[in-house]
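Participant: Chain by chain, the residues run as shown.
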Amino acid sequence: MIFGVDYYPEQWSPKDWEEDLGIMKDMGLTSVRLAEFAWGLMEPKEGKFDFSLFDAVLEKVGKAGMTAILGTPTATCPPWLFKKHPEISQISKEGIVRVVGTRRQACFSSPAYRKATEKIVTAMAKHFGKHPVVTGWQIDNEPGHEGSDLDYSPLAGINFRKWLKDKYKTLKKLNESWGNVFWGVMYSDWNEIPVPGAHVASDFSPSMIQDYHRFQSDELISYLKLQIDIVRKYSPGRALTTNLYPSPFLPITDMHELFGHMDYVSWDNYPVWGNQKEPYPHPLVSATQQYIRGLKDQNFTVMEQFSGVQGHDTLGYLPPPGQIGLWLTQAVTNGANQIYFFRYRTARFGQEQLCYGILDHGKRLTQKYFELQKTISEIKEYAEDISDQNYPAEVAILHDIENARNYKHQPLSDGLKFSPVPFAQVGYDIEIATWFAGTNVLNVNTHSFPASKDVDWNRYKVISLPLYTVFDDAVVERLSNYVKQGGTLVIGYRSGIKDQNQWIVEEPVPGRFREMAGVESYQFEAVGEDRVSVGMGIFPLKGNKFCEILEPTTASVVAKYTDKNKFYKGKPAITVNSYGKGKVYYVGTSLTPESFVLFYRKVLKEAKVPFGFLGKTIEKHFRIGRKYNYEILMNHSGKPRWAGFTRLKPFEFRITKINK
Amino acid sequence: MIFGVDYYPEQWSPKDWEEDLGIMKDMGLTSVRLAEFAWGLMEPKEGKFDFSLFDAVLEKVGKAGMTAILGTPTATCPPWLFKKHPEISQISKEGIVRVVGTRRQACFSSPAYRKATEKIVTAMAKHFGKHPVVTGWQIDNEPGHEGSDLDYSPLAGINFRKWLKDKYKTLKKLNESWGNVFWGVMYSDWNEIPVPGAHVASDFSPSMIQDYHRFQSDELISYLKLQIDIVRKYSPGRALTTNLYPSPFLPITDMHELFGHMDYVSWDNYPVWGNQKEPYPHPLVSATQQYIRGLKDQNFTVMEQFSGVQGHDTLGYLPPPGQIGLWLTQAVTNGANQIYFFRYRTARFGQEQLCYGILDHGKRLTQKYFELQKTISEIKEYAEDISDQNYPAEVAILHDIENARNYKHQPLSDGLKFSPVPFAQVGYDIEIATWFAGTNVLNVNTHSFPASKDVDWNRYKVISLPLYTVFDDAVVERLSNYVKQGGTLVIGYRSGIKDQNQWIVEEPVPGRFREMAGVESYQFEAVGEDRVSVGMGIFPLKGNKFCEILEPTTASVVAKYTDKNKFYKGKPAITVNSYGKGKVYYVGTSLTPESFVLFYRKVLKEAKVPFGFLGKTIEKHFRIGRKYNYEILMNHSGKPRWAGFTRLKPFEFRITKINK
Amino acid sequence: MIFGVDYYPEQWSPKDWEEDLGIMKDMGLTSVRLAEFAWGLMEPKEGKFDFSLFDAVLEKVGKAGMTAILGTPTATCPPWLFKKHPEISQISKEGIVRVVGTRRQACFSSPAYRKATEKIVTAMAKHFGKHPVVTGWQIDNEPGHEGSDLDYSPLAGINFRKWLKDKYKTLKKLNESWGNVFWGVMYSDWNEIPVPGAHVASDFSPSMIQDYHRFQSDELISYLKLQIDIVRKYSPGRALTTNLYPSPFLPITDMHELFGHMDYVSWDNYPVWGNQKEPYPHPLVSATQQYIRGLKDQNFTVMEQFSGVQGHDTLGYLPPPGQIGLWLTQAVTNGANQIYFFRYRTARFGQEQLCYGILDHGKRLTQKYFELQKTISEIKEYAEDISDQNYPAEVAILHDIENARNYKHQPLSDGLKFSPVPFAQVGYDIEIATWFAGTNVLNVNTHSFPASKDVDWNRYKVISLPLYTVFDDAVVERLSNYVKQGGTLVIGYRSGIKDQNQWIVEEPVPGRFREMAGVESYQFEAVGEDRVSVGMGIFPLKGNKFCEILEPTTASVVAKYTDKNKFYKGKPAITVNSYGKGKVYYVGTSLTPESFVLFYRKVLKEAKVPFGFLGKTIEKHFRIGRKYNYEILMNHSGKPRWAGFTRLKPFEFRITKINK
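Chains as they are written, first to last, in the UniProt record's numbering: chain A, 1 to 660; chain B, 1 to 660; chain C, 1 to 660.
Note that these hints are calculated values from the structure, not bench results. Hints may contain errors.
A pair counts as met if it fits within one copy or between any two copies, since identical chains are not told apart.
[Unchecked claim] In the DSS-like style, the derived pairs of lysine-lysine whose C-alpha atoms are separated by at most 30 Å in a straight line are:
| no. | residue 1 | residue 2 |
| --- | --- | --- |
| 1 | Lys45 | Lys172 |
| 2 | Lys172 | Lys83 |
| 3 | Lys225 | Lys45 |
| 4 | Lys165 | Lys45 |
| 5 | Lys83 | Lys162 |
| 6 | Lys83 | Lys169 |
| 7 | Lys461 | Lys616 |
| 8 | Lys165 | Lys83 |
The task is simple: from the sequences and hints, build the whole structure.
Facilitator: Below, the structure is given as structure tokens:
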């Protein structure tokens with residue numbers, strides 16, 4: 001278990017460095033992340049490299065007995081590169097040219113950017129690659145963040161057409177696959193194909209947009225792969241990762257594919273950011289951590305862990321005493337075995353002068369410092385004991401990048417639209433998290449995986465697969481086998497009806513799952529944010545977003561619509577079907593978080609998965625260590641709360657050792 | 001009476017065609033609309049035409065004893081045209097270039113587009129013009145839709161300057177007419193004149209914008225006229241139309257002028273679309289149908305009639321059983337004598353894969369199919385009997401394209417602003433519909449006409465003319481004669497004060513109507529959406545949007561402001577004036593729908609027009625057939641409702657024959 | 001004291017002129033403002049000047065015994081200039097090119113615009129400069145209005161780089177000052193530096209943006225200085241001014257610096273505009289007038305005084321009888337000694353055809369005319385008696401352009417963000433006005449000054465300085481001396497912590513004020529619009545926007561947080577510290593207007609400043625005239641109200657003479 005910190009020695013005086021490292025060590029930190037925004041510093045002029053600052057810092061890091069992760073500095077590039085190659089800029093969907101002076105500006109399709117990247121990364125990897133203090137590398141920084149996963153520049157257009165040619169070989173095939181007979185858009189020359197960017201009213205073809213999303217993912221991954229190959233060559237034995245940006249799930253880039261090329265996953269954990277008035281609900285934070293854990297099915301790193309209030313030009317919520325320590329414990333409990341706090345000391349200048357670190361702008365030790373120091377010492381033994389052990393679970397939730405992309409451009413219901421920033425549409429992500437919350441609030445350890453991941457599903461008693469509209473036959477087949485062998489599968493509305501070309505199948509919902517689910521649906525209403533009454537036995541539930549009217553073939557009814565304002569009152573809303581030795585639940589509507597909890601109680605009970613509700617703000621996990629097992633109780637409320645017979649103080653966590 | 005369907009054989013396999021036509025016939029359909037998006041299919045390369053697919057389809061249509069309307073395919077154009085002529089794209093006010101891959105992209109001022117249009121339409125008209133199965137043509141598709149009635153491309157700018165030169169001859173005249181002495185914008189060269197597009201704060205001159213709207217209307221009409229002339233030449237004896245897009249009224253293009261060149265009006269009837277949570281109120285749907293009917297004062301066609309839920313990327317309301325049949329009946333009752341359902345079967349791909357047709361993505365017959373089949377058989381005799389008879393009315397409401405355009409750029413009150421999509425401002429349209437609702441809810445057959453239409457007003461006992469701010473002296477004169485001869489005219493606030501150059505007159509409101517109305521107003525408040533109390537005798541009304549303080553000269557007071565928060569409490573709000581043998585009501589404020597109903601009760605009673613309120617959800621019409629007369633009762637509610645002594649089931653309609 | 005009117009003779013017939021001047025004189029007006037939008041009229045072709053219209057008008061003005069102020073006509077420029085120099089257009093942050101046909105389009109950095117300005121202003125000044133009727137000049141019109149104080153055109157970029165070179169001399173210095181080591185944006189060539197315009201997510205560096213704001217201010221001032229120098233040369237003895245646009249404070253341009261070059265300040269006073277449903281609260285109007293008065297610490301002019309409802313395409317609130325007279329009296333009372341009404345008669349055409357003047361579109365004398373005529377005659381004696389006497393005050397509030405700019409790009413809290421139009425962010429201005437309201441509502445005459453102004457602070461018993469985050473050491477020093485000598489200083493949250501480079505200091509809040517205030521703060525919450533309970537003795541207050549947790553060193557506690565939902569309940573929120581002979585209050589949170597009133601009661605009482613609350617709608621001022629002193633009572637309510645023992649009618653003002 002490593003506790004470290006993100007450190008920017010270039011922003012302080014060399015006189016500070018030794019003292020800074022001492023302050024870190026006193027707090028219990030043993031590692032630093034360095035250099036991920038320092039391209040301009042390390043290559044002040046084209047081809048002229050200067051690594052002296054970080055040489056000096058690494059020497060002091062070594063002397064302090066600490067280690068370092070180095071970031072490749074390609075998330076911003078030096079002004080001289082933009083001047084020489086103005087075409088390097090990304091262009092947003094709205095037409096904004098991303099220029100020097102901000103970050104994440106460069107186009108992944110730009111040959112000049114790739115060439116310059118190759119040079120700086122080669123120089124850096126050669127120079128630092130075998131340094132004894134350097135234990136690993138972070139490739140780039142938050143790749144794809146801030147909407148840079150969708151670029152509409154002319155260079156992107158050129159590569160898109162190449163990508164299409166590579167995929168479809170002939171325009172005939174492309175025209176057929178996209179259904180271009182619709183509106184008569186039959187391309188007869190590859191260069192006729194635009195990028196599916198800004199438009200006034202009707203959008204571009206869904207098949208085209210889906211391909212554009214895939215293309216952009218491939219571009220980003222190939223760009224990072226370029227760096228990975230260089231670093232692997234010159235820095236043998238070092239572990240490679242990159243840090244995923246904080247939003248819950250990642251809808252354009254296939255992060256599962258990306259981390260196939262890396263050694264572990266890391267992620268930036270900000271339960272509250274900017275002008276948020278409240279932190280994210282704790283189940284959303286755990287959902288994200290399990291998503292991160294599941295990308296490689298192994299423990300992970302938090303590369304940036306919240307330590308102080310953060311924002312670029314506005315701020316919000318101030319975590320009360322105890323909460324930042326609780327968030328640290330939550331991350332460890334969900335599977336983090338390396339945690340770097342963001343950041344050591346608050347920058348006095350620049351766009352992040354309001355991104356507070358452990359220390360403030362001055363060097364006085366803060367309450368945050370002492371709180372994290374104390375938490376580290378309290379959880380250290382526990383963290384060490386579980387650091388190389390997997391997070392155990394009998395339940396899993398599956399997500400799917402193809403569906404994330406699909407719902408980005410075709411949300412289906414206003415209830416599946418959510419754009420906290422203009423360049424994001426994370427309705428899919430929120431829906432997945434809402435389903436996850438159902439078992440999280442019942443204190444059931446739950447895994448999260450890409451649906452396409454090669455996992456032995458028989459490990460799990462219950463698997464949930466929401467919003468699996470775009471299907472992959474291989475996945476359907478594997479899930480079918482899982483159920484046949486006794487598993488419980490919970491699938492959601494609108495499942496199994498779009499093929500990989502984005503064509504909707506001829507058979508009714510749930511398409512490829514019809515036999516398994518024993519149910520069909522021919523009518524639906526997209527109810528947006530409205531709440532629709534549903535009855536499950538004596539339990540009143542609330543549906544929303546989408547309401548399918550179910551017609552069971554072999555399934556039996558679990559819940560019915562009971563809403564007196566709906567003509568489909570009395571029609572089935574949730575069914576269950578026996579299939580092989582297992583069961584398939586079909587949930588024809590989305591549910592509110594409270595209703596998901598009620599529904600999962602039933603599912604878990606029947607699947608013989610132990611669960612227990614301890615209150616809305618209490619989170620309980622179970623971990624297996626080398627020496628002990630552990631029950632971890634966390635109170636996410638600012639008030640004292642009972643967790644069963646245990647009284648927890650505000651933001652208290654309690655780790656109970658259980659003898660094996 | 002023809003019931004037909006919009007059919008896209010190109011989206012299905014040739015093996016489907018015969019079966020499809022059989023399914024249609026079984027439902028009671030006898031006609032199809034074809035080809036309106038198939039340019040890319042019919043001219044895959046420039047100048048290389050291929051009509052084989054539609055030849056084959058028409059052959060089968062003929063064999064099935066059915067007929068066809070062909071659409072000219074110019075609402076999208078083939079990619080090769082964009083590649084050869086990149087300048088062909090429209091540019092939106094916000095600067096978005098409308099590229100290939102979406103629809104309605106091409107600039108009506110583009111010589112390349114006109115030339116290419118000429119070629120494909122000529123080829124198509126020559127090829128299909130005399131085909132026995134082809135009974136008519138739809139020119140283009142929804143021309144002007146999706147904001148394409150306002151183009152700000154450089155080509156539009158060039159033609160705008162030509163248009164201005166043609167209109168004003170000299171810059172002196174233009175500068176005077178626009179009042180360019182204001183802000184000192186005296187043009188001394190035609191090429192100095194920009195298009196009145198995007199701006200940061202203050203807008204362009206209202207006179208200039210109004211001219212730009214007129215110019216754009218002329219461009220669109222002349223573009224369609226080009227096609228009309230070709231089709232008339234090569235397809236003799238066929239009826240020509242185009243289909244107006246679904247929004248209630250059409251504020252830029254002068255549709256009355258356009259249909260002067262065509263044989264009948266058609267329109268696309270979607271009482272609910274996209275993510276709407278509720279359908280439009282039924283009076284709005286009838287208002288639109290009467291607007292359509294009035295454009296040529298004759299029966300009309302619904303070219304796209306709602307059959308299934310519709311949307312591009314999100315959906316909403318699901319019509320309960322009975323409602324789509326009711327909407328069909330409502331259209332027939334308002335004067336439709338041809339109805340084509342949109343669409344036969346739901347596309348599996350493309351931007352409209354969520355636009356559900358009669359059939360879903362598969363071929364299983366749906367509940368919608370059976371419901372429409374049943375409705376057709378129920379109303380067929382009625383529909384046939386009235387199909388060549390005019391819709392009778394003693395009351396009319398007038399609208400005016402000049403005022404629609406004026407209120408688009410100068411809404412006057414926040415209450416007259418409504419932009420359901422960014423490129424539309426339909427406050428004028430909603431105000432007209434609200435006035436229309438006043439008589440519709442009282443179950444009075446009501447006509448709707450362009451104010452400038454050459455109609456014998458003496459047909460009517462009551463004529464309403466809301467928002468007639470921009471006046472035409474000839475119209476004022478004709479209405480004056482109408483009143484003198486005994487008619488009742490109801491005019492609204494802000495009447496008669498802007499001339500054709502957009503200058504406000506020197507005399508006070510109601511300007512040109514002062515003598516007729518016997519009232520003046522010197523003060524007003526634009527109250528936005530606020531409600532202001534008004535008393536009409538014992539009836540409490542609610543005004544909104546705009547409140548004029550009236551000063552009667554010869555008129556008597558009908559209603560007064562009674563709002564204790566307004567200093568003009570006690571001042572007249574509505575007046576009536578005897579003029580010749582008739583009466584002029586002047587309504588100095590807008591009213592809520594409920595208040596309009598109360599006000600019209602008074603007006604109708606005094607004008608001796610029979611009316612009767614049967615509840616908010618009940619609509620009653622009276623039709624005259626060749627054999628019988630008919631009273632049609634419709635319940636637009638999902639609950640059972642009394643209509644007088646008749647109990648109607650949810651969404652029930654009842655057609656009662658009355659012997660002549 | 002002069003009462004005048006804004007007159008546009010060019011918009012009317014020469015036949016009107018004499019009659020118009022007669023109507024004005026009858027009303028009590030003795031001066032006109034002319035010509036400020038007439039460039040196109042006076043220079044119809046490049047270099048061809050024609051002043052005949054205004055010659056004729058001035059002759060009639062002289063004959064009528066009236067005077068004139070001439071505006072230089074550069075707020076719009078003639079179309080020929082745009083045609084010849086298309087690069088002259090400003091480009092907004094969003095990329096909109098400001099073209100001919102609107103106003104405020106030209107780029108202040110454009111050599112062509114400056115050259116053309118020089119020519120027209122020289123010709124005009126030569127022609128009219130010594131005209132006996134011309135008493136003064138208005139330079140340009142509302143410079144910087146409508147977002148034209150921020151231009152992102154390429155020409156602005158060129159001058160920005162020159163400005164930076166001039167300021168920093170070397171890129172090394174610039175890189176250090178901006179902290180460009182952050183994100184590695186070290187510039188190595190001046191031409192690499194972009195303008196900090198549109199961006200997708202993360203903004204540009206705060207140091208860079210602050211410099212851009214300073215640069216734009218310098219550009220505008222130097223552009224106006226160019227005109228000033230010409231007019232001074234050719235029009236000796238005439239008083240020079242320009243009219244500030246109506247928004248409360250002016251966040252980009254340093255107006256204090258600007259008016260250093262002019263003779264007096266003028267301003268456009270519209271207490272309600274466009275679609276506003278209510279006028280601004282009266283303390284906001286007085287706050288603005290005192291801001292205007294304070295720019296030169298002398299009486300001022302209202303160059304455009306509200307006379308009729310105003311708006312470009314929508315309208316709103318109608319002032320009841322009495323209110324426009326009250327607004328006139330309020331302006332005079334706050335220090336206006338020249339008032340020009342906007343405008344004589346309402347334009348029949350152009351963008352301002354809905355900007356109603358004293359007369360409407362016709363020439364009939366209106367209720368507004370008679371109301372203003374009556375008010376002028378009522379206040380004339382009072383106005384004359386105080387017209388050359390300063391507005392007296394014992395209390396002052398300070399604002400600061402550097403902080404206004406800072407909060408524009410770094411608002412800190414959602415509660416400090418307010419954008420009534422997209423191009424404005426006036427959260428700082430509203431906060432200053434809210435603090436001002438605290439003493440205004442207590443009927444304490446209050447001055448307002450730029451913090452950097454060279455004023456003898458010892459004049460004042462109490463000085464407030466809110467949001468003084470960016471500090472100037474000289475200002476801090478002077479305030480420190482003021483307190484030491486016995487003054488009372490009230491400072492606000494987040495004071496004293498950003499230096500002129502936008503770096504945050506190492507010491508905690510309140511930074512440079514720590515010793516004076518005797519308090520420190522290490523934690524804060526940005527609570528946006530939420531209200532947080534604060535207790536000041538028995539008085540319950542409400543904090544909002546920002547809550548600092550205070551840790552007094554030498555100060556004593558004035559108020560504490562009492563909010564049970566906040567963990568910092570019980571912590572100090574407001575403190576007071578004795579320092580030298582004076583006191584420093586530190587207000588760690590913003591307060592609601594009501595709470596500010598309660599807080600200031602305490603401050604004023606202790607500082608021995610007399611005050612008295614007479615109700616929310618009552619405003620009382622004290623003025624010293626040459627002959628008498630005056631107490632002015634104003635009722636800003638539409639209902640009768642008691643002001644102590646005086647009963648005021650709706651919108652009544654009462655001026656009581658007090659013998660000296």
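Participant: Against each hint, give a clear statement of whether it holds in the structure.
Facilitator: Structure-based check of each hint:
1. Lys45 with Lys172: Intra 48 Å, inter 14 Å, cutoff 30 Å: inter-copy only.
2. Lys172 with Lys83: between (41 Å within a copy, 18 Å between copies)
3. Lys225 with Lys45: Within one copy only: 25 Å inside a chain, 41 Å across chains, cut-off 30 Å.
4. Lys165 with Lys45: Between copies, since 20 Å is at most 30 Å while 38 Å is not.
5. Lys83 with Lys162: Both, since 27 Å and 17 Å are each at most 30 Å.
6. Lys83 with Lys169: Between copies only: 21 Å across, 37 Å inside.
7. Lys461 with Lys616: within (24 Å within a copy, 55 Å between copies)
8. Lys165 with Lys83: between (32 Å within a copy, 18 Å between copies)
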